[in-house]
Amino acid sequence: MQTIRGFRDILPEHISLWQRVEQEAFSLFESFGFKEIRIPVLEKTDLFARSIGETTDIVEKEMYTFSDRKGDLVTLRPEATASICRSYIQHKMYATDPVRKFYMTGPMFRRERPQKGRYRQFYQIDAEVFGIESAYIDSELIFLLNELFKRLGLTGLTAHINSLGCPECRPAFQRALLDFLGKRKQVLCENCTRRIQKNPLRILDCKVDSCQKALEGAPATIDHLCQACDDHFTIVRTTLERQGVAFMVDKSLVRGLDYYTRTAWEIKTTTLGAQGAVAGGGRYDGLVEELGGPATPAIGFAIGFDRLVEVMEQLKKNGQDPPLDLFIVALGNAAMAKAYHWSCDLNLAGFRTGMDSRGKSMKSLMKRADKLNASHVLIAGENELKENQLILRNMDTKDQTMIAIDNLVPTLMTLLTK
RNA sequence: GUGGGCGUAGCUCAGUUGGCAGAGCACUAGGUUGUGGUCCUGGUGGUCGCGGGUUCGACCCCCGUCGCUCACCCCA
1 MQTIRGFRDI LPEHISLWQR VEQEAFSLFE SFGFKEIRIP VLEKTDLFAR SIGETTDIVE
61 KEMYTFSDRK GDLVTLRPEA TASICRSYIQ HKMYATDPVR KFYMTGPMFR RERPQKGRYR
121 QFYQIDAEVF GIESAYIDSE LIFLLNELFK RLGLTGLTAH INSLGCPECR PAFQRALLDF
181 LGKRKQVLCE NCTRRIQKNP LRILDCKVDS CQKALEGAPA TIDHLCQACD DHFTIVRTTL
241 ERQGVAFMVD KSLVRGLDYY TRTAWEIKTT TLGAQGAVAG GGRYDGLVEE LGGPATPAIG
301 FAIGFDRLVE VMEQLKKNGQ DPPLDLFIVA LGNAAMAKAY HWSCDLNLAG FRTGMDSRGK
361 SMKSLMKRAD KLNASHVLIA GENELKENQL ILRNMDTKDQ TMIAIDNLVP TLMTLLTK
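Numbering (our numbering), first residue to last: 1 to 418.
Worth flagging that the hints you see were computed from the coordinates, not collected in a lab. Just so we're clear, the structure is a prediction, and the values are computed from it rather than from any experiment. It is possible that part of the hints are untrue.
Claimed, not checked - Across the chosen pairs, the derived CB separations fall in these ranges:
id : residue 1 : residue 2 : range
1  : Asp-68    : Met-362   : 56 to 66 Å
2  : Glu-54    : Gln-23    : 33 to 43 Å
3  : Gly-156   : Lys-183   : 32 to 42 Å
4  : Gln-23    : Pro-294   : 20 to 30 Å
5  : Arg-69    : Cys-226   : 41 to 51 Å
What the hints assert, rightly or not - Pairs of lysine-lysine, DSSO-like flavour, derived with a Cα cap of 27 Å:
id : residue 1 : residue 2
6  : Lys-44    : Lys-61
7  : Lys-268   : Lys-183
8  : Lys-35    : Lys-61
9  : Lys-198   : Lys-251
10 : Lys-207   : Lys-183
11 : Lys-360   : Lys-386
12 : Lys-198   : Lys-61
13 : Lys-70    : Lys-116
14 : Lys-92    : Lys-44
15 : Lys-398   : Lys-360
16 : Lys-150   : Lys-185
17 : Lys-251   : Lys-207
18 : Lys-61    : Lys-207
19 : Lys-371   : Lys-360
20 : Lys-398   : Lys-367
21 : Lys-251   : Lys-268
22 : Lys-92    : Lys-61
23 : Lys-116   : Lys-92
24 : Lys-338   : Lys-371
25 : Lys-338   : Lys-268
26 : Lys-398   : Lys-386
27 : Lys-150   : Lys-61
28 : Lys-338   : Lys-360
29 : Lys-35    : Lys-92
30 : Lys-363   : Lys-338
31 : Lys-185   : Lys-198
32 : Lys-371   : Lys-398
33 : Lys-207   : Lys-268
34 : Lys-35    : Lys-70
35 : Lys-183   : Lys-198
Cβ atoms here follow ideal geometry from the backbone N, Cα and C, with glycine treated the same way.
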């Protein structure tokens, strides 16, 4: 028996980094006024098809879609934004307060070919903001990501940002791009030839050499922005500069979901092989209305949790297991019976305490204590029980002292917490 | 969906021309009757991914298949 292809266990020895990331992220989000939201893993297929875009790779070939026992078409969520929008609309949140800031984490599912940094079940940390059109929110989200990565001690990341325009300026840009490409159709790769019809914007970030060549001198979205979009993008850039957030404007950054408008960005690393994006986000001012809600500006990002942890593991030597405060070496059945109660009491008193009740030799038990990285060992054998005293051994200094069994827990609290 | 690399002990990997299945680490016991890390000695542990074929004989050669991995594509 083993996991399904592209699915994996995250084992206890790796979990501490996950917890640390989660704690740092959530406390940072909370202090910026975000609230946690929890949404279902399964939604109607239609939600994703309408929001992400019928012709995107995600919808066309990567979703886990099936009909349930009644024949309803449902899909394991490939991302979180669509569901959060659905929730915002379904609960009419706009009626009481259109401005909402959410964060969440959880598994997403996409049936791609697995490789380094890419799994079929992967985890994202999301943040979304509804109801604010101001460019300061765009800056705030990018600033937030930058701050989080700083707190986690990450280096070697670069923020790529771009503006994709809005329904006002995009048609004109698309015409300009198609005009430009018209003369070079033959050079484009198979994919891009198809994209001319379906989604010309995507040609911009094609990685095929011949396409990159063909794009030299091609019009860029940021050169065709309408006044409002241009102003918006200017504020994003100048604000980030003023806050000291390093970024580069990347004209080829497009992103593969159709709902994005205006600001789009990705945080990239070079340490994960071909999977460069550790986080990505963008504005999606039309999506809430598209899904049946009132016209509501919105913006959000997703952090690739698995990728983030992998980058961190490469940067740091993975920390040891947290050490044990005390290991109880109990020799014989009588000692073991007592040790069990001591151990529980000490655990409740806040000590990380362990023992081994497999009836092993003293040498084995000492080895066990060493393996668990115990700072102290409490030795309880027949002699000690007779004397009503135990040996407390400091594993670093090898000092041993006798302590009374009466009032054991209070005694250890004073001895071990100094 | 398309390519490349790899599947031998818990882990990392050797395995000669086709001739008894190996090492290091880890685990375990002892050396030391009740004291850890270093050291020494012993021990446990294998469907050689799986199925078929060739052969007196297959970890090795052939065919098929599954899995892992990296890359393309796309994204987190």
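Verification of the supplied hints:
In this structure the supplied range 56 to 66 Å holds for Asp-68 paired with Met-362, their Cβ-Cβ distance being about 59 Å. Between Glu-54 and Gln-23 the Cβ separation comes to about 39 Å, which falls inside the hinted range of 33 to 43 Å. Between Gly-156 and Lys-183 the Cβ separation comes to about 40 Å, which falls inside the hinted range of 32 to 42 Å. The hint said 20 to 30 Å for the Cβ distance between Gln-23 and Pro-294, and at roughly 35 Å that hint is violated.
A beta carbon spacing of about 50 Å between Arg-69 and Cys-226 agrees with the range 41 to 51 Å that was offered as a hint. The straight-line distance between the Cα atoms of Lys-44 and Lys-61 is roughly 16 Å, inside the 27 Å bound, and the hint therefore holds. Taken as a hint, the Lys-268 and Lys-183 pair is broken in the structure, with Cα atoms around 33 Å apart against an allowance of 27 Å. Restraint check: the Cα-Cα separation between Lys-35 and Lys-61 comes to about 33 Å, which exceeds 27 Å; the hinted pair is violated.
Our distance criterion of 27 Å between C-alpha atoms is met by Lys-198 and Lys-251, whose separation comes to about 20 Å. Pair hint Lys-207 plus Lys-183 holds up; C-alpha atoms about 20 Å apart against a cutoff of 27 Å. In summary, the hint linking Lys-360 to Lys-386 is supported, as the alpha carbons are separated by about 21 Å, within the 27 Å threshold. With a C-alpha separation of about 16 Å, the suggested pair Lys-198 and Lys-61 falls inside the 27 Å cut-off, and the hint holds.
At most 27 Å may separate the alpha-carbon atoms for a hinted pair to count; Lys-70 and Lys-116 exceed this at roughly 37 Å. Between Lys-92 and Lys-44 the alpha-carbon distance is near 19 Å, which keeps this suggested pair within the 27 Å criterion. Taking the CA atoms of Lys-398 and Lys-360, the gap is about 22 Å. The hint holds against a cut of 27 Å. About 44 Å separates the Cα atoms of Lys-150 and Lys-185, which puts this hinted pair outside 27 Å; it is violated.
About 14 Å separates the Cα atoms of Lys-251 and Lys-207, which keeps this hinted pair within 27 Å; it holds. Distance hint between Lys-61 and Lys-207 is fulfilled; the C-alpha atoms sit about 20 Å from each other, no more than 27 Å. Of the supplied pair hints, the one linking Lys-371 and Lys-360 holds, its CA atoms being roughly 15 Å apart against a limit of 27 Å. With a C-alpha separation of about 14 Å, the suggested pairing of Lys-398 with Lys-367 holds against the 27 Å cut-off.
About 15 Å separates the Cα atoms of Lys-251 and Lys-268, which keeps this hinted pair within 27 Å; it holds. At most 27 Å may separate the alpha-carbon atoms for a hinted pair to count; Lys-92 and Lys-61 exceed this at roughly 32 Å. Distance restraint check for Lys-116 and Lys-92: the Cα-Cα separation of roughly 41 Å exceeds the 27 Å cut-off, and the hinted pair is therefore not satisfied. Restraint check: the Cα-Cα separation between Lys-338 and Lys-371 comes to about 23 Å, which is no more than 27 Å; the hinted pair holds.
Among the hinted pairs, Lys-338 with Lys-268 is inconsistent with the structure: their alpha-carbon atoms are about 56 Å apart, more than 27 Å. Restraint check: the Cα-Cα separation between Lys-398 and Lys-386 comes to about 23 Å, which is no more than 27 Å; the hinted pair holds. For a cut-off of 27 Å, the pair hint linking Lys-150 to Lys-61 is broken: about 36 Å separates their Cα positions. A threshold of 27 Å between alpha carbons decides the hint, and for Lys-338 with Lys-360 the separation of about 16 Å falls inside it, so the pair holds.
In summary, the hint linking Lys-35 to Lys-92 is supported, as the alpha carbons are separated by about 17 Å, within the 27 Å threshold. Only pairs whose Cα atoms come within 27 Å are accepted, and Lys-363 paired with Lys-338 is accepted, the gap being roughly 20 Å. Of the supplied pair hints, the one linking Lys-185 and Lys-198 holds, its CA atoms being roughly 15 Å apart against a limit of 27 Å. With a CA separation close to 16 Å, the supplied pair Lys-371 and Lys-398 stays within the 27 Å bound.
Straight-line distance between C-alpha atoms of Lys-207 and Lys-268 comes to about 16 Å, which keeps the hinted pair within the 27 Å bound. Between Lys-35 and Lys-70 the CA atoms are separated by roughly 35 Å; this puts the pair beyond 27 Å, and the hint is violated. At roughly 18 Å between alpha-carbon atoms, Lys-183 and Lys-198 fall within 27 Å of each other, so this suggested pair holds.
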